[in-house]
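Residue numbers (my numbering), protein chains in the order written: chain A, 1 to 392; chain B, 1 to 123.
Hints in this document: simulated from the structure, not taken from any laboratory. By construction, the Cβ of each residue, glycine as well, lies at the ideal position given by its N, Cα and C atoms. Fair warning: there could be bad hints in the mix.
FRET-style restraints, in silico, Cβ to Cβ [to be verified]:
id: 1; chain 1: B; residue 1: Val30; chain 2: A; residue 2: Arg134; range: 39 to 47 Å
id: 2; chain 1: A; residue 1: Glu95; chain 2: B; residue 2: Ala36; range: 39 to 47 Å
id: 3; chain 1: B; residue 1: Lys19; chain 2: A; residue 2: Asp64; range: 45 to 53 Å
id: 4; chain 1: B; residue 1: Lys41; chain 2: A; residue 2: Asp88; range: 41 to 49 Å
id: 5; chain 1: A; residue 1: Val100; chain 2: B; residue 2: Ser40; range: 30 to 38 Å
id: 6; chain 1: B; residue 1: Ala36; chain 2: A; residue 2: Thr281; range: 19 to 27 Å
id: 7; chain 1: A; residue 1: Gly203; chain 2: B; residue 2: Ser40; range: 45 to 53 Å
id: 8; chain 1: B; residue 1: Ala26; chain 2: A; residue 2: Ser78; range: 51 to 59 Å
id: 9; chain 1: B; residue 1: Ala26; chain 2: A; residue 2: Gly77; range: 54 to 62 Å
id: 10; chain 1: A; residue 1: Phe361; chain 2: B; residue 2: Ser40; range: 14 to 22 Å
id: 11; chain 1: B; residue 1: Ala26; chain 2: A; residue 2: Trp380; range: 25 to 33 Å
Coverage of chain B stretches by chain A, computed from C-beta distances (three or more under 8 Å per stretch; other residues unrestricted) [what the hints assert, rightly or not]:
id: 12; stretch: 15-24
id: 13; stretch: 30-41
id: 14; stretch: 53-63
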Amino acid sequence: MTMRPLPSNLKHINLILAAGGNLAGRYPLRTLVLIFSLAAILFPFLTALSISEGIKLQSKISVDEGADFYVSGDSAGSAAPLPLSSVDRFRGIDEIDRIVPRIVGRAYLQERTVAIVGMPGGAVPESILIDGGRPIQNKGEVIVGSTLSRRYGLHPGVKFYMPINRWKRFTVAGVFSSRCSIWSSSLIYMSLDDAGELFRMKGMATDLLIYAKPRQSPVVSVYLQNENQKDPPFRIQSRDLVNSFFQKGFESRAGVFTVFYLAAFALAIPLIFILTGLGWTERRREIGTLKAVGWQTLDVMQVAFWENVYVSVLSACLALAAAYVWIHALNGFMIAQFFVAEPGLMPDFPVPARFVPVPAFLAFLLALALTMTGSLYNTWRMAATLPAETLR
Amino acid sequence: MGGKKGASLRGSLASSGFKLTIAAAAAACVAVVLMALDSSKNGSFSDMSAMGLFQRTVGGLGMGSAATPAWNLLHYDPRLQSVDDSNMWPVAGGYPYSPSAVSTAAGIRELAREDLEIIRVGP
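Using the sequences and the accompanying hints, generate a full structural model.
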């Protein structure tokens, strides 16, 4: 009676189970250390990319909901305020829907830098304010960001002033919901007149927001460029230019971060493997035994490959779960400040993050490539050697 | 006896391997569920609506990975100030100490504009 060889797929399943058995049954401690070490290395990678994706989503909303053109003064290559009468230079352009003057500046509130925004009338929808507040109704009333409200006790009804102009007193009318975006957290919103008084620039605006009628942006762009030939010159930014800031700011930085991370990772892991030589003596003997009982080199390599797949899947998933919990449950405690400037040790706003499949899959590939680099060559060298020599 | 022991060891390894396979599959499922949860959370109507309303109210504000306009406005919103003047500070080695310049989530630098190109008019 002749023995029939195992069907090919059954053999592969057996090799996969053998790989799993090796990891969980024979070297459970080593496997756990390896999975946790890899997860610890992948954790900042996934956290950084998810925060980057989260901020990118909020930035996209900012660009989409913003004006079609931003016009400011030009002072020797830098942005400068311009008089409100500049609006008259664009009055005759029929393709323009509306022009809104705005003041955006920065000031100190105790030791913290805050953004000041002044819009005509200070209109604000009540739905983006937290309960207990109301929109601006009177002169001197402001809406403050959630971080400022919590940190300095600026609740509705509280009066305060800023060092930039001690004579200008404000009353908090409402507080922005922390869901608005990260940029609302340290913001003080007021009417254009109040902002002009605060910065002592009445009758001026830092920029004009120009909204074109539907599908008229290209025409408005030509008119604006023509108007810019006259004195004084303007600094004009179209939505396209703003979009290019957006693309370059996020994609190049995320790309550069990934490349640096890959380089550091690629150098570190094989080094650790080479320096420690963890478990290789026992592994050598095991491979020699397998070869002696009739295993092929390819079978040994396949088991090593599946071991790496198990470790990579588990470590990538563990890193993703840890990053998810750290950002959503702990709100990026201690870690957010490495990726977002000035959030404080415990951010008062929800740290923006998006866990998308590509970085997670990249983390798995990263772990796989590096565990392969660290183990496959050594395994092949041992498997290709005669068992008598390996077992010596 | 030895045969029984060997069979038991093989059985135990196969059983451990099966358990680890289940664990890896479960971990992958958990990862997919977390990403799906995150997607529904980020795309929730109330949050997107609040962000959209806020941005319409202020005329579009904020683009970079900075919660405040510390040091300069570029990293907070390049629409307000496209020049990174914190790089001009006389720091040895040219390292920008601006907290927003070193954040890793996004890096916004001044973009060259067409009208700043040098146009050669002579031979």
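Structure-based check of all given hints:
1. The hint said 39 to 47 Å for the Cβ distance between Val30 (chain B) and Arg134 (chain A), and at roughly 44 Å that hint holds.
2. Between Glu95 (chain A) and Ala36 (chain B) the CB atoms are about 44 Å apart, so this pair conforms to the stated range of 39 to 47 Å.
3. Taking the beta carbon of each, Lys19 (chain B) and Asp64 (chain A) are about 49 Å apart, inside 45 to 53 Å as hinted.
4. Checked against the given bound of 41 to 49 Å, the beta carbons of Lys41 (chain B) and Asp88 (chain A), roughly 47 Å apart, stay inside it.
5. At roughly 34 Å, the beta carbons of Val100 (chain A) and Ser40 (chain B) sit within the given window of 30 to 38 Å.
6. Distance hint for Ala36 (chain B) and Thr281 (chain A): a CB-CB separation of about 45 Å, inconsistent with the stated range 19 to 27 Å.
7. Against the hinted window of 45 to 53 Å, the Cβ-Cβ separation of Gly203 (chain A) and Ser40 (chain B) comes to about 48 Å, which satisfies the hint.
8. Look at Ala26 (chain B) against Ser78 (chain A): about 57 Å separates their beta carbons, and that is inside 51 to 59 Å.
9. Checking the proposed 54 to 62 Å range against Ala26 (chain B) and Gly77 (chain A) shows it holds: the Cβ atoms sit about 58 Å from each other.
10. Between Phe361 (chain A) and Ser40 (chain B), the C-beta spacing of about 20 Å keeps the proposed range 14 to 22 Å intact.
11. At about 31 Å, the beta-carbon gap between Ala26 (chain B) and Trp380 (chain A) stays in the expected band of 25 to 33 Å.
12. With 9 residues having a Cβ less than 8 Å from any Cβ of chain A, the stretch 15-24 of chain B passes the three-residue criterion, so the hint holds.
13. Three residues within the 8 Å Cβ limit are the bar, and the stretch 30-41 of chain B against chain A gives 7, so the coverage statement holds.
14. Only residues whose beta carbon comes within less than 8 Å of a beta carbon in chain A count, and the stretch 53-63 of chain B has 11; three or more means the coverage holds.
Checked against the numbered hints given earlier, this structure breaks only hint 6.
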